[in-house]
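Asker: Going down the list, the protein sequences come from chains A and B.
Those letters in the first sequence? Residues 1 to 231, per my numbering, in order.
Those letters in the second sequence? Residues 232 to 462, per my numbering, in order.
No wet-lab data here; the hints were simulated from the structure.
It cannot be assumed that every hint is accurate.
Stated by the list, open to error - Below, in silico cross-link-like pairs of lysine-lysine (DSS-like), each with a Cα-Cα straight-line distance of 25 Å or less:
(1) A:LYS71 - A:LYS45
(2) A:LYS71 - B:LYS276
(3) A:LYS45 - B:LYS302
(4) B:LYS302 - B:LYS276
Here's the letter readout for the chains.
2 protein chains.
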Amino acid sequence: MNGVDGVVNAGRRLSAQTVCSAIRDDIVNGYFAPGDRLAEEQLAKRYGVSRVPVREALRTLESEGFVSTRKHAGASVAEPSEQEAGDLLEIRALLEPLGVARAAERRTEQHLRVLRGLVKLGQERSEKGQFSDLPALDGWFHQTLARASGSPSLAALLIQLRQKISWIYAVESPGRWMAAWEEHGAITDAVARNDAERARRLTTAHIERWTAAHRLRRVPRIPGATERERV
Amino acid sequence: MNGVDGVVNAGRRLSAQTVCSAIRDDIVNGYFAPGDRLAEEQLAKRYGVSRVPVREALRTLESEGFVSTRKHAGASVAEPSEQEAGDLLEIRALLEPLGVARAAERRTEQHLRVLRGLVKLGQERSEKGQFSDLPALDGWFHQTLARASGSPSLAALLIQLRQKISWIYAVESPGRWMAAWEEHGAITDAVARNDAERARRLTTAHIERWTAAHRLRRVPRIPGATERERV
DNA sequence: CGTCCTGAGTTGGAATACAGTTGCTGTACG
DNA sequence: CGTACAGCAACTGTATTCCAACTCAGGACG
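Produce the complete structure using the sequences and hints provided.
Answerer: Next comes the structure, spelled out in structure tokens:
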């Protein structure tokens, strides 16, 4: 988190929504560390907009749980406790199977095509050991699956959960990727056959094994510990 | 949804957060009907603030799912489909037991005191047939329970879910209230004894029976039907 | 009857101004 | 040397004004 500009206006005018995604990405990717202060003016400069869209973006991010604010003290990147991080995994373990079951009942042919394409890509890449693209592919797969559930609110929840989890946790064993894409294939097949129950069971198992390969990215800060300096 | 002012500045300056809650309440209580247009200027007048805080409030409400917006076409009250409404009930049925289980493990004595007080009040009121206060008491009870879970994000999710459900659904039988407060008492006892498993089971049963007494407040609009006039 | 165009009205954003808070800093005092 | 407090700078929260971009409804036109 150095000084001033970085991503500034890459041509067209950036909207509040764009700024929101940009800040979120900068948080998830670690450019802004948990606890970092997010001054409005500073963000405005960084993204080349005025304070208005920045403030709107911060409100959204606050309600999503990525930043926390105190009156007149501004916004800062949230610092999820270890407890809370664990709960996120449990919430996902409950909701993802529901979402997939709904997707099995409501998916369109279009969703199916995208899912199959992603599975094919993912299996290829994981067989060839090209691990770098896999996190993104995994994200798209589950995102598509979530949207296929037909409930905007459920989909939004799942996507948000997943983002937060990938922010807090790192995936351990690259060896899991191949198994994961096998499972993705099986889930897609069940969804294609409208077999909600099978899809649900497969997803529960998938998430369970997947979760075991997660590890916290950082040690949560102990309230009394020495605060390290930030610029 | 009549003309202009209504709730205007009741004394002190209203902040964006206050405006947000005010609009949400006006939506949940039916002052703004699903599909109603929410013009910024109009809202600004109604709550006695400028457009800036109104816009921030609308962003928050959008991310919460109470309003939907389209670029340059403004915000309007969301119109959840019947499908989505059903999914909300299912999501709650999954998350509420988890929240209560966590509450059983993490609740403080203070939480416990509040819960016991609310149970006592609720049981009194429901025995005497004073049904008018019961919805609010029920809301507080579950809200306190959610906060006792120790996870801000889980608590926020539960509270938001509950609000949305009470917006979309009406509770049918007033006869359920007495049974409900019996169940609330049992849940509180389990939470007090740190018995997470029992608390979870009791909550699952509670939610299940409770859900059966729900009914949609309005018939979701059929996309092709004749649009009724507004304003 | 359908299509295109136009204009009023609203939103999205910028720039500016200002009051109220926060939180740091430096200083006086124990 | 440590602490408490006053003062100050920085920032937030809101208001206000202005403008471009866009939507939408209604009328002109083919």
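Asker: With reference to the structure, classify each hint as holding or not holding.
Answerer: Hint-by-hint comparison with the structure:
no., hint, result
1, A:LYS71 - A:LYS45, "holds, 22 Å"
2, A:LYS71 - B:LYS276, "holds, 24 Å"
3, A:LYS45 - B:LYS302, "holds, 24 Å"
4, B:LYS302 - B:LYS276, "holds, 22 Å"
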